[in-house]
Amino acid sequence: DVKVTQSSRYLVKRTGEKVFLECVQDMDHENMFWYRQDPGLGLRLIYFSYDVKMKEKGDIPEGYSVSREKKERFSLILESASTNQTSMYLCASSPGGVRQTEQYFGPGTRLTVT
Amino acid sequence: GNSVTQMEGPVTLSEEAFLTINCTYTATGYPSLFWYVQYPGEGLQLLLKATKADDKGSNKGFEATYRKETTSFHLEKGSVQVSDSAVYFCALSVGTALIFGKGTTLSVSS
Numbered sequence: 008d009v010k011v012t013q014s015s016r017y018l019v020k021r022t023g024e025k026v027f028l029e030c031v032q033d034m035d036h037e038n039m040f041w042y043r044q045d046p047g048l049g050l051r052l053i054y055f056s057y058d059v060k061m062k063e064k065g066d067i068p069e070g071y072s073v074s075r076e077k078k079e080r081f082s083l084i085l086e087s088a089s090t091n092q093t094s095m096y097l098c099a100s101s102p103g104g105v106r107q108t109e110q111y112f113g114p115g116t117r118l119t120v121t
Numbered sequence: 004g005n006s007v008t009q010m011e012g013p014v015t016l017s018e019e020a021f022l023t024i025n026c027t028y029t030a031t032g033y034p035s036l037f038w039y040v041q042y043p044g045e046g047l048q049l050l051l052k053a054t055k056a057d058d059k060g061s062n063k064g065f066e067a068t069y070r071k072e073t074t075s076f077h078l079e080k081g082s083v084q085v086s087d088s089a090v091y092f093c094a095l096s097v098g099t100a101l102i103f104g105k106g107t108t109l110s111v112s113s
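Residue numbers (my numbering), protein chains in the order written: chain P, 8 to 121; chain R, 4 to 113.
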């Protein structure tokens with residue numbers, strides 16, 4: 008079974024802090040994704056990566072950056088957290104070279120910025 | 004552009020009732036279609052998928068048929084259980100990324 012793990016289930020941070028959300032997958036997938044999930048808005052793509060050190064902006068990249076130094080790990084960084092970044096963050100992965108395939112999701116990190 | 008529209012919730016049903024959650028899509032090209040489920044406090048799990056027109060995806064008693072002529076992928080289950088209470092997301096893929104609908108919350112009471 009594919010396993011995608013996220014470093015924290017719940018996180019509380021203060022406005023202006025730098026926040027790191029970590030995601031690790033164990034199936035040697037090339038593609039990794041970060042989404043945020045908000046009530047009434049569904050899932051929105053923040054960034055994705057199709058290879059080590061490669062990244063692409065999604066629909067809502069403002070206020071976020073990402074890092075992928077190793078194939079299995081994809082980090083989401085909030086440079087200066089703001090209250091409007093309070094949300095559920097979901098990481099996902101999928102195999103490369105296969106178009107239109109399903110993604111495998113982690114359990115999510117619920118981030119609260121106060 | 005590509006988009007997914009699914010019926011607004013919440014949907015409230017009694018155990019053993021019939022379930023339909025509507026999903027329609029707009030896409031360039033020939034997308035694959037998915038239904039994901041999110042149980043309380045968890046991430047998303049793939050429920051079923053279909054990769055071409057007229058394909059039927061099925062899993063755990065749920066079914067959905069890829070209808071190209073109506074650009075639809077409606078989710079159905081003949082007899083829901085309390086354990087089916089969750090949020091259901093319809094999604095499409097025309098490349099690497101997935102595009103999700105906004106989700107439909109299903110509550111099933113005994």
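The hints are simulated quantities; they were obtained by calculation from the structure and are not laboratory data. These figures come from a predicted structure and were not determined experimentally. Treat the hints loosely; a few may be bogus.
[As the list claims (entries may be wrong)] The calculated lysine to aspartate or glutamate pairs, modelled on EDC-like cross-linking and capped at a C-alpha distance of 20 Å, are:
1) P:K77 x P:D45
2) P:K10 x R:E45
3) P:K64 x P:D33
4) P:K10 x P:D45
5) P:K60 x P:E24
6) R:K80 x R:E18
7) P:K78 x P:D45
8) R:K105 x P:E29
9) R:K105 x P:E37
[What the hints assert, rightly or not] Which chain R residues face chain P? A few, computed with CB under 10 Å, are given here:
10) M10
11) V14
12) L16
13) Y33
14) G46
15) G64
16) E66
17) R70
18) G104
[As the list claims (entries may be wrong)] From chain R, some residues computed to sit far from chain P (all C-beta separations above 12 Å):
19) Q9
20) S35
21) D57
22) S61
23) T99
Here a beta-carbon is modelled for each residue, glycine too, at the ideal position from N, C-alpha and C.
Hints, one by one, checked against the model:
For the proposed pair K77 of chain P and D45 of chain P, the alpha carbon gap of about 29 Å is over 20 Å, so the pair is violated. Among the hinted pairs, K10 of chain P with E45 of chain R is consistent with the structure: their alpha-carbon atoms are about 13 Å apart, no more than 20 Å. Restraint check for K64 of chain P and D33 of chain P: not satisfied, since their Cα atoms lie roughly 24 Å apart, outside the 20 Å limit. Between K10 of chain P and D45 of chain P the alpha-carbon distance is near 24 Å, which puts this suggested pair outside the 20 Å criterion.
For the suggested pair K60 of chain P and E24 of chain P, the alpha carbons sit about 24 Å apart, so the restraint of at most 20 Å is broken. A hinted pair counts as satisfied when its Cα atoms are at most 20 Å apart, and K80 of chain R with E18 of chain R qualifies at roughly 12 Å. Proximity of K78 of chain P to D45 of chain P is assessed by CA-CA distance (about 28 Å); at most 20 Å being required, the pair is judged violated. Taken as a hint, the K105 of chain R and E29 of chain P pair is broken in the structure, with Cα atoms around 25 Å apart against an allowance of 20 Å.
At most 20 Å may separate the alpha-carbon atoms for a hinted pair to count; K105 of chain R and E37 of chain P exceed this at roughly 27 Å. Because the closest C-beta pair between M10 of chain R and chain P is about 13 Å apart, greater than 10 Å, the hint is violated. Annotation: interface hint on V14 of chain R violated; nearest CB of chain P at approximately 15 Å, more than 10 Å. The beta carbon of L16 of chain R is not positioned within 10 Å of any beta carbon in chain P (closest approach about 21 Å), and the interface hint is therefore violated.
The beta carbon of Y33 of chain R is positioned within 10 Å of a beta carbon in chain P (closest approach about 9 Å), and the interface hint is therefore held. Hint status for G46 of chain R: holds, given a least beta-carbon distance of 4 Å to chain P, under 10 Å. The beta carbon of G64 of chain R comes no nearer than 19 Å to any beta carbon in chain P, farther than 10 Å, and the hint placing it at the interface is violated. Look at E66 of chain R: its Cβ only gets to about 17 Å from chain P, farther than 10 Å, so that hint breaks.
Interface hint status for R70 of chain R: violated, as the beta-carbon distance to the closest one in chain P is roughly 17 Å, over 10 Å. A least Cβ separation of about 6 Å between G104 of chain R and chain P falls short of the 10 Å threshold, and the interface hint therefore holds. Look at Q9 of chain R: its CB is around 9 Å from the nearest CB on chain P, not clear of 12 Å, so calling it non-interface is violated. Against the 12 Å criterion, S35 of chain R falls within the reach of chain P, whose nearest CB is about 4 Å from its own CB.
No Cβ of chain P approaches the Cβ of D57 of chain R within 12 Å, the least distance being about 16 Å, so the stated non-interface status holds. Annotated as non-interface, S61 of chain R keeps its C-beta farther than 12 Å from every C-beta of chain P; the closest such distance is 15 Å. Residue-level check failed: T99 of chain R sits 6 Å from the nearest beta carbon of chain P, not beyond 12 Å.
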